[in-house]
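Q: For reference, the chains in residue letters:
Number of protein chains: 2
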Amino acid sequence: MSEFKKVSRSENYSEWYNYIVDAAELAQHSAVKGCMVIKPYGYAIWEKMQADLDQRFKATGHSNAYFPLFIPKSLFEAEEKNAEGFAKECAVVTHYRLKSDPNNKGKLIVDPEAKLTEELVVRPTSEAIIWNTYRGWIQSYRDLPILINQWANVVRWEMRTRLFLRTTEFLWQEGHTAHATSQEALFETKQMLDVYAAFAENIMAMPVLKGIKTANERFAGADETFCIEAMMQDGKALQAGTSHFLGQNFAKAFDVKFTGKDGKQDFVWATSWGVSTRLMGALIMTHSDDEGLVLPPKLAPIQVVIVPIFRSDEDLAAITVKVDEIKSMLEAKGVSVKFDNRDTLKPGFKFSEWELKGVPVRLAIGMRDIQNNTIEIARRDTKFKKSTSMQEVVPEVVSLLTEIQDNLYQRALNFRTEKTKEVNSKEEFLQVMDAGGFALAHWDGSSETEEKIKEEYKATIRCIPLGNKQEDGICFYTGNASKERVVFARAY
Amino acid sequence: MSEFKKVSRSENYSEWYNYIVDAAELAQHSAVKGCMVIKPYGYAIWEKMQADLDQRFKATGHSNAYFPLFIPKSLFEAEEKNAEGFAKECAVVTHYRLKSDPNNKGKLIVDPEAKLTEELVVRPTSEAIIWNTYRGWIQSYRDLPILINQWANVVRWEMRTRLFLRTTEFLWQEGHTAHATSQEALFETKQMLDVYAAFAENIMAMPVLKGIKTANERFAGADETFCIEAMMQDGKALQAGTSHFLGQNFAKAFDVKFTGKDGKQDFVWATSWGVSTRLMGALIMTHSDDEGLVLPPKLAPIQVVIVPIFRSDEDLAAITVKVDEIKSMLEAKGVSVKFDNRDTLKPGFKFSEWELKGVPVRLAIGMRDIQNNTIEIARRDTKFKKSTSMQEVVPEVVSLLTEIQDNLYQRALNFRTEKTKEVNSKEEFLQVMDAGGFALAHWDGSSETEEKIKEEYKATIRCIPLGNKQEDGICFYTGNASKERVVFARAY
Chain A
3 MSEFKKVSRS ENYSEWYNYI VDAAELAQHS AVKGCMVIKP YGYAIWEKMQ
53 ADLDQRFKAT GHSNAYFPLF IPKSLFEAEE KNAEGFAKEC AVVTHYRLKS
103 DPNNKGKLIV DPEAKLTEEL VVRPTSEAII WNTYRGWIQS YRDLPILINQ
153 WANVVRWEMR TRLFLRTTEF LWQEGHTAHA TSQEALFETK QMLDVYAAFA
203 ENIMAMPVLK GIKTANERFA GADETFCIEA MMQDGKALQA GTSHFLGQNF
253 AKAFDVKFTG KDGKQDFVWA TSWGVSTRLM GALIMTHSDD EGLVLPPKLA
303 PIQVVIVPIF RSDEDLAAIT VKVDEIKSML EAKGVSVKFD NRDTLKPGFK
353 FSEWELKGVP VRLAIGMRDI QNNTIEIARR DTKFKKSTSM QEVVPEVVSL
403 LTEIQDNLYQ RALNFRTEKT KEVNSKEEFL QVMDAGGFAL AHWDGSSETE
453 EKIKEEYKAT IRCIPLGNKQ EDGICFYTGN ASKERVVFAR AY
Chain B
3 MSEFKKVSRS ENYSEWYNYI VDAAELAQHS AVKGCMVIKP YGYAIWEKMQ
53 ADLDQRFKAT GHSNAYFPLF IPKSLFEAEE KNAEGFAKEC AVVTHYRLKS
103 DPNNKGKLIV DPEAKLTEEL VVRPTSEAII WNTYRGWIQS YRDLPILINQ
153 WANVVRWEMR TRLFLRTTEF LWQEGHTAHA TSQEALFETK QMLDVYAAFA
203 ENIMAMPVLK GIKTANERFA GADETFCIEA MMQDGKALQA GTSHFLGQNF
253 AKAFDVKFTG KDGKQDFVWA TSWGVSTRLM GALIMTHSDD EGLVLPPKLA
303 PIQVVIVPIF RSDEDLAAIT VKVDEIKSML EAKGVSVKFD NRDTLKPGFK
353 FSEWELKGVP VRLAIGMRDI QNNTIEIARR DTKFKKSTSM QEVVPEVVSL
403 LTEIQDNLYQ RALNFRTEKT KEVNSKEEFL QVMDAGGFAL AHWDGSSETE
453 EKIKEEYKAT IRCIPLGNKQ EDGICFYTGN ASKERVVFAR AY
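First to last, the sequence lines map onto chains A and B. For the first sequence, the working numbering begins at 3 and goes up steadily by one. For the second sequence, the working numbering begins at 3 and goes up steadily by one.
Check each hint, because a few of them may be wrong.
As the list makes no split between identical chains, a pair holds if one copy fits it or if it spans any two.
As the list claims (entries may be wrong) - Calculated pairs, BS3-like style, for lysine-lysine (alpha carbon to alpha carbon, straight line, at most 27 Å): (1) K352 / K329; (2) K109 / K83; (3) K352 / K8; (4) K329 / K300; (5) K324 / K387; (6) K324 / K340; (7) K101 / K456; (8) K107 / K254; (9) K107 / K259; (10) K385 / K421; (11) K352 / K263; (12) K60 / K324; (13) K117 / K107; (14) K460 / K90; (15) K263 / K348; (16) K109 / K259; (17) K109 / K90; (18) K388 / K340; (19) K107 / K83; (20) K35 / K90; (21) K300 / K60; (22) K117 / K90; (23) K50 / K335; (24) K101 / K254; (25) K50 / K60; (26) K454 / K428; (27) K117 / K35; (28) K117 / K101.
These are computed hints drawn from the structure, not numbers from a lab.
Isolated chain A, as found in the complex:
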């Protein structure tokens, strides 16, 4: 089955993750260094994420559009901070043609005569090409706001990659909005952070902290970066989404001005915000266990699997009649159901396979059940199983799906709560970092201190939580004055 050995989380969390991604058939490495193949089962989960997010974007007034994959180098470098931030990881197209290799029949070489006069950067993010386009769309306040999202692939050259978490090419959505005022852009930035947080918590069942990044961790080209941060089961943090207040930086770089109601010209205010296939990694690491993937029902491509227990074709036929009934009733309630009637595999094998794939609810039905009018119902999250009457199974499954969704969230929240500690000294700080978890610590507010902490403990400030409690204290690292505790952690 899997090329990776089955390991438990406690043995080796990182290998466990690789095992789950592989064994649950979510993704694999490709022939292209750092690029992944997202397999059908993994992609089906991503599609569910997309569908839910897309609906939320539209409900908040956004439309989808599509901008080019390539960015001419001269446009890419226009916003200097942004360009500097991404320059080191850009894939660059320099030629537009291959030709037959004269020295090697059947092989191709890059045609030196087809060199581009200007190199094209494969988008690592699309602010440059989009703001260059917006210039032509915006003359007056009447053209604002522009509320656009794009679903796309982006490329950031990574030296060390991990499936879903850090890959050279990944899929994402990037919102790019343009506004007449700073206030409106800031409102948008926060609104989209809320959209992300609601999605993470209600759909992924993954609790997140909403906060602001420090200057060091800010998106290149942003005035302020807001983020949602989640805690994985090894206590490490994962940045699950970001929403950037870009100020007038891109408008200035691309000369995008508008005439206000008062007739005065001003530069346009911008935001951008994105989540990516990285969320797949976050989902896996938040809920899964040593037996395999655990999926929240709202993202499970298959919510209920039905496994027949039979010895003969006649048994299977009799069971199938009953299963078809239950399946139709569940589907009528909007539940996605798979009847695993493969006749070459034993029930035990099927149980393991669907457990590995994280299907939230399993129903099993044999000839004795048919006689007794019962059915076995098992939940993936707690592994609890029981027999129930055939009449009750549909409403029970429906309410169980809600219960599992809630339980997964609550379990992850409890875990985070346990693993989040106020620390007041270097010793306490190190303890929390080594045990895994979030440290709430006073910090003197300087980038220099932040850098030193990062070097010494491999820990970063994940965020300054929104609505953070203000309290006088002293920085655990320098002893300098501090006004609030910030969230430190080691991170993915």
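Following the hints, position chain B against chain A.
A: Below, chain B alone, put in the same frame as chain A:
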């Protein structure tokens, strides 16, 4: 509004097309040569196409997945015919980093030290990377069939581009399936052609001919290419979708074998099939008129627009009450409705704007309508309008949407029928080509003759229709014997 001058189809069909794409805000050229920006309204139509097609793919057993954007050159060249076919139009990534230009502060240059040891081709199509992946997925007949589709962007370097019709980057879907037998692969190839034809006719309201391409026009690497061909309003043909029977070519190139039920090893059989944003061009050119875009209701992002006719805020308030009622009732029937209550624009301006954008049904309502319990209903396709009673408007709109969908199809079909002629001589052939249309002509079956005809008349064989009538005849060009008439046309 538009940078293009409004022109009629008869004046200049090509400029008319550019005008429609621009004025209806569907797409525009970008700063990257040959790459387009798909604007929100255009993208909303594409999303509707995607949603419908995706459902059809899933209903026929396919799953979506995602494969890398880049293809290492050595993989790309493995299937020689395919490589040869696309080599001339490949964007090539040669470097993975930019750095500061030491001679030009704030500018970037490609870092010569970050040269890739092997160049990466930006996918023009994904057979190579996918079949290289399938090798790891297929051992036995139990692993077959593999039925996968991918929604993605692809790049084919084009020298002369036209929005939607021929762009360097475009969006598409590409199905890639693997089968144990030739028969099964051929069945799949034809099934997907039928899926495309049903989509084109039932959803796009665009009649298509289903056929087979000649060897000259075949996909590079295919044993047989099936296609659907549509006729545009200038009588030119547009290839709207292709489905390829790839034989064992890619399996052989990538060494993909399976063990059959009989224990014997054989190469796997393949298909691939795709449609792209080119369909947007086909849609526009099939139905639109001199006043603007005409959309079939099934693809219209807005199916009904309601324009209030008012002089005062009080009027608008009274009208709004009534409109809200109608809007809710229509929405309850699954109709998408826009209430254009902008108070800065005159009704006439709004009428023109929604006409330009192809909204199938327009309702207009003023104070007199409120008093008389009436409403004006206008259809975009025939421009027919009438007053109807408020009680009747909802069912009338619902049935009108179906009527418009049918009428657009019928109108396009009648047009194609009129412009399709049997021709038996060079003179007749030239007449049809110059007037625009499909010529059904005997052809001697040789590639050489096909080439000569192409050179002399700029016309190609669009397809040999499926189930074509067999009849003895003589080639209009060479006078040699022929068994059937094939479809010639000038094409996009």
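Q: Between copies, within a copy, both or neither: which fits K352 and K329 at Cα up to 27 Å?
A: Result: close within a single copy only, 18 Å intra versus 50 Å inter.
Q: Should K60 paired with K324 be assigned to within, between, both, or neither, using CA atoms and 27 Å as the limit?
A: Between. Shortest inter-copy distance 26 Å satisfies the 27 Å Cα cut-off; intra-copy 41 Å does not.
Q: How do K101 and K254 come out at 27 Å by Cα distance, when the copy is not named: within, between, both, or neither?
A: Cα proximity of K101 and K254: across copies only (23 Å, versus 42 Å in one copy).
Q: Give the relationship of K324 and K340 under a CA distance limit of 27 Å: within one copy only, between copies only, both, or neither.
A: within (14 Å within a copy, 46 Å between copies)
Q: I want to check one pair: K50 and K60. Are their C-alpha atoms no more than 27 Å apart within a copy, between two copies, both, or neither?
A: both (16 Å within a copy, 14 Å between copies)
Q: What label fits K300 with K60 when the C-alpha limit is 27 Å: within, between, both, or neither?
A: For K300 and K60, both the intra-copy (19 Å) and inter-copy (20 Å) Cα distances are at most 27 Å.
Q: If the cutoff is 27 Å on CA atoms, where do K101 and K456 land: within, between, both or neither? Let me know, please.
A: Classified as between; 25 Å across copies, 49 Å inside a copy.
Q: How do K109 and K90 come out at 27 Å by Cα distance, when the copy is not named: within, between, both, or neither?
A: between (31 Å within a copy, 13 Å between copies)
Q: Cα distance capped at 27 Å. Does K50 pair with K335 within a copy, between copies, both, or neither?
A: For K50 and K335, both the intra-copy (18 Å) and inter-copy (25 Å) Cα distances are at most 27 Å.
Q: At most 27 Å between C-alpha atoms: does K460 with K90 qualify within a copy, between copies, both, or neither?
A: For K460 and K90, the Cα distance is within 27 Å only inside one copy (22 Å; across copies 48 Å).
Q: Given identical chains, is K117 near K90, meaning Cα to Cα at most 27 Å, within a copy, between copies, both, or neither?
A: So K117 and K90 pass the 27 Å test inside a copy (22 Å) and across (13 Å) alike.
Q: Given identical chains, is K117 near K107, meaning Cα to Cα at most 27 Å, within a copy, between copies, both, or neither?
A: Both: 23 Å inside a chain and 25 Å across chains, each within 27 Å.
Every hint from the earlier list agrees with this structure, and none is contradicted.
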